[in-house]
Amino acid sequence: MAEANGGTPDNIISVRDLVVGFGDRNVIDGFDLDVRRGEILGVVGPSGAGKSVTLRAVIGLLPKKAGIVEVLGVDLDQATAKERLAVERRWGVLFQQGALFSSQTVLQNIQMPLREHTSLSPKLLDEIARLKIDLVGLKPEAADRFPSELSGGMIKRAALARALALDPDIVFLDEPTAGLDPIGAADFDKLIMTLRDALGLTVYMVTHDLDSLTTACDRIAALKGGKTLAVGPMSEMVKNDDPWMQQYFRGERARAAGIGATAA
Amino acid sequence: MQVEAKTGDLKIETFDEGLVLTPLGAWTAEGVDAAARRAEKLDLSGAKGKTLAFDLGQLDRLDTVGVLVLHRLEARAAEIDAKVEIHNVKPPHQRLLDALSDRGRGDPPAKAGEFGPVTLLADVGESVLEMGKDAARATSFLGAVVAATGKLMLAPWRFRFTSTVVHLERVGLRAVPIIALISFLVGAIVAQQSIFQLKNFGATLFVVDLLGILVLRELGVLLTAIMVAGRSGSAFTAEIGSMKMREEIDALKTMGLDPIEILAMPRLVALVIAMPLLAFLASMSALLGGGLVAWIYGDVTPVTFLQRLKDALSLQTFFVGLVKAPFMAIVIGLIACTEGMKVEGSAESLGARTTSSVVKSIFIVIVLDGVFAMFFAAMGI
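For the record, the sequence lines run as chains A and B.
Going by the UniProt record's numbering, the first residue of the first sequence is number 1, and it counts up by one from there.
Going by the UniProt record's numbering, the first residue of the second sequence is number 1, and it counts up by one from there.
Note that these hints are calculated values from the structure, not bench results.
Incorrect hints may appear among the rest.
Claimed, not checked - Partial pick of chain B residues on the chain A-facing surface, computed with a CB cut under 8 Å: (1) Ala-36; (2) Val-186; (3) Glu-348.
What the hints assert, rightly or not - Here are the simulated lysine to aspartate or glutamate pairs, DMTMM-like style, with alpha carbons at most 25 Å apart: (4) Lys-139/A / Glu-344/B; (5) Lys-6/B / Glu-116/A; (6) Lys-123/A / Asp-9/B; (7) Lys-123/A / Glu-261/B; (8) Lys-123/A / Asp-33/B; (9) Lys-342/B / Glu-149/A; (10) Lys-6/B / Glu-149/A; (11) Lys-239/A / Glu-39/A; (12) Lys-90/B / Asp-10/A; (13) Lys-90/B / Glu-39/A; (14) Lys-123/A / Asp-102/B; (15) Lys-11/B / Glu-127/A; (16) Lys-253/B / Glu-149/A; (17) Lys-133/B / Glu-149/A; (18) Lys-139/A / Asp-102/B; (19) Lys-6/B / Glu-88/A; (20) Lys-41/B / Asp-126/A; (21) Lys-123/A / Glu-247/B; (22) Lys-342/B / Glu-261/B; (23) Lys-41/B / Glu-127/A; (24) Lys-227/A / Asp-241/A; (25) Lys-6/B / Asp-10/A; (26) Lys-190/A / Asp-102/B; (27) Lys-6/B / Asp-241/A; (28) Lys-123/A / Glu-40/B; (29) Lys-82/A / Glu-344/B; (30) Lys-6/B / Asp-144/A; (31) Lys-139/A / Asp-98/B; (32) Lys-41/B / Asp-60/B; (33) Lys-123/A / Asp-98/B; (34) Lys-48/B / Asp-10/A; (35) Lys-41/B / Glu-17/B; (36) Lys-342/B / Glu-127/A; (37) Lys-190/A / Asp-98/B; (38) Lys-123/A / Asp-81/B; (39) Lys-6/B / Asp-75/A; (40) Lys-123/A / Glu-79/B.
Glycine included, C-beta positions come from ideal geometry on N, C-alpha and C.
All chains, full assembly: derive it from the sequences and hints.
So, in structure tokens, the structure goes:
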């Protein structure tokens with residue numbers, strides 16, 4: 001039962017009373033969240049609300065002061081090193097700046113997790129990497145380029161391909177469309193949705209992009225002051241009467257993204 | 001809950017109509033390895049001109065890697081004109097197969113750059129050319145520095161005094177302990193070995209001459225230069241290099257600021273001021289170390305040591321050593337800054353340039369010392 005593909009059928013990630021802080025200042029204080037299997041969840045909040053901090057705490061890059069984080073049914077604090085590794089192999093992370101290894105080509109970057117965690121033949125590794133490159137919509141020529149030779153959009157796609165290398169169940173995306181032009185961002189949203197459907201992914205996405213939130217996300221979690229303000233689909237978010245939520249989801253830019261129209 | 005298999009397998013059955021392949025268990029990145037190796041070696045000749053059927057009904061898990069192995073089998077079936085049929089696909093697997101049906105097929109682009117004697121020769125040629133270019137770059141950088149110095153002389157208020165002081169502290173003050181310690185030890189070692197040899201001739205006292213001249217003319221300044229190249233040259237390259245990586249240098253240029261004036265000048269000036277001071281300190285420290293050893297091993301009392309030192313040395317010996325310091329400082333600073341400017345996008349390039357900065361500085365500093373020695377000998381100093 002400690003098998004890492006367990007968890008309740010619905011909640012693939014479950015966070016309870018999460019507290020994360022630096023020194024005596026708590027950035028996250030009593031954060032609750034459930035992520036359902038197969039959904040795309042968008043996490044929003046004002047700058048400095050701790051969106052990225054939450055993500056880093058869930059994947060274990062930041063130590064938490066209190067709270068329980070369960071991923072795939074495994075409590076990451078109680079888990080043995082082996083169980084933890086089993087969980088870590090079933091998630092992929094796309095960092096804000098891509099975090100591609102600059103001394104390796106795109107192909108080698110994608111192969112890195114596979115090389116470390118499996119004993120597949122080099123030929124198969126090459127083919128897998130090329131398949132992932134194709135999956136994320138990069139041209140085959142991109143395989144042998146170095147990250148410094150890629151554009152911003154290509155870096156995001158290559159980093160997504162690396163996050164997908166081990167065919168994870170969950171992908172964490174930290175501002176995936178930040179720094180992309182609107183067309184590139186829309187393409188990326190579409191890509192995430194296609195991949196979710198094809199590979200049965202669960203997506204945890206920190207974002208500011210209202211277009212992503214409307215088109216790609218099934219549910220939205222709003223964070224404010226280190227707490228969960230509201231969780232639900234866009235239609236519920238629009239009705240929330242918190243001033244920040246009002247401004248965010250019913251402001252100028254939201255109307256431009258077509259959210260106001262659905263609410264009215 | 002049913003326990004799922006963690007590894008995959010492949011069952012082969014032969015019929016009159018052809019072959020039936022039944023993948024079993026988990027065809028995933030972790031589990032498919034054994035099955036993939038079997039599939040690779042599989043003899044498909046039984047399906048030649050007939051049918052190759054896949055029965056996916058007993059497959060627990062499938063991911064893109066598993067699909068890829070299936071694709072490879074299908075491609076081989078196409079080569080022998082076998083008809084491919086896929087049966088009993090579970091719905092989630094079907095979705096994956098559909099999504100990937102036209103992905104990642106086709107041949108990978110040809111790879112260039114095999115290793116061989118030709119590439120070896122090409123590498124050697126490239127290195128030689130690169131050396132030439134390096135010399136040109138350093139010279140042009142020196143020119144740019146001279147030009148910047150000229151501009152600063154006309155507008156001295158633009159000289160970055162605070163930055164220079166900061167670098168002076170890093171390059172000079174903070175290097176004092178390590179340079180003093182190393183020179184002390186080297187002075188002591190040289191004195192000890194000299195005493196052992198000079199004793200055979202009953203000329204122990206000459207250790208003072210030997211030590212004094214060697215330390216003041218060569219060792220003090222050379223040790224300092226090597227330490228500074230390692231400590232500060234590497235730091236300059238890494239600082240300027242990471243600024244280059246993050247487009248900070250470009251940002252300076254777009255503001256109409258001269259990176260040489262802002263980044264290189266303060267560092268160079270700090271080096272030129274700090275090096276002679278450090279070299280003096282190194283010499284004194286080495287003399288102290290040597291003097292102590294001479295007292296202990298050679299019974300040369302401090303009073304005798306100083307007396308002898310005064311007779312053996314002239315002010316010229318002292319300046320011959322120190323005059324080299326500013327030149328070495330300029331060489332170290334130039335190499336560090338040019339190498340820093342050569343950094344490209346990757347972390348690897350930063351490391352390579354930093355290494356090359358230190359190696360080149362130390363090499364050139366020693367060559368320069370040799371040139372000075374020849375020059376002074378020719379001048380009879």
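Checked hints:
no., hint, verdict
1, Ala-36, "holds, 6 Å"
2, Val-186, "violated, 37 Å"
3, Glu-348, "holds, 4 Å"
4, Lys-139/A / Glu-344/B, "holds, 24 Å"
5, Lys-6/B / Glu-116/A, "holds, 18 Å"
6, Lys-123/A / Asp-9/B, "holds, 19 Å"
7, Lys-123/A / Glu-261/B, "violated, 52 Å"
8, Lys-123/A / Asp-33/B, "holds, 12 Å"
9, Lys-342/B / Glu-149/A, "holds, 16 Å"
10, Lys-6/B / Glu-149/A, "violated, 39 Å"
11, Lys-239/A / Glu-39/A, "holds, 22 Å"
12, Lys-90/B / Asp-10/A, "holds, 21 Å"
13, Lys-90/B / Glu-39/A, "holds, 21 Å"
14, Lys-123/A / Asp-102/B, "holds, 19 Å"
15, Lys-11/B / Glu-127/A, "holds, 24 Å"
16, Lys-253/B / Glu-149/A, "holds, 22 Å"
17, Lys-133/B / Glu-149/A, "holds, 24 Å"
18, Lys-139/A / Asp-102/B, "holds, 14 Å"
19, Lys-6/B / Glu-88/A, "holds, 16 Å"
20, Lys-41/B / Asp-126/A, "holds, 18 Å"
21, Lys-123/A / Glu-247/B, "violated, 38 Å"
22, Lys-342/B / Glu-261/B, "holds, 17 Å"
23, Lys-41/B / Glu-127/A, "holds, 17 Å"
24, Lys-227/A / Asp-241/A, "holds, 16 Å"
25, Lys-6/B / Asp-10/A, "holds, 23 Å"
26, Lys-190/A / Asp-102/B, "holds, 18 Å"
27, Lys-6/B / Asp-241/A, "violated, 49 Å"
28, Lys-123/A / Glu-40/B, "holds, 11 Å"
29, Lys-82/A / Glu-344/B, "violated, 39 Å"
30, Lys-6/B / Asp-144/A, "violated, 33 Å"
31, Lys-139/A / Asp-98/B, "holds, 21 Å"
32, Lys-41/B / Asp-60/B, "holds, 23 Å"
33, Lys-123/A / Asp-98/B, "holds, 24 Å"
34, Lys-48/B / Asp-10/A, "violated, 47 Å"
35, Lys-41/B / Glu-17/B, "holds, 21 Å"
36, Lys-342/B / Glu-127/A, "violated, 35 Å"
37, Lys-190/A / Asp-98/B, "holds, 17 Å"
38, Lys-123/A / Asp-81/B, "holds, 24 Å"
39, Lys-6/B / Asp-75/A, "holds, 22 Å"
40, Lys-123/A / Glu-79/B, "holds, 19 Å"
Hint violations for this structure: numbers 2, 7, 10, 21, 27, 29, 30, 34 and 36, all remaining hints satisfied.
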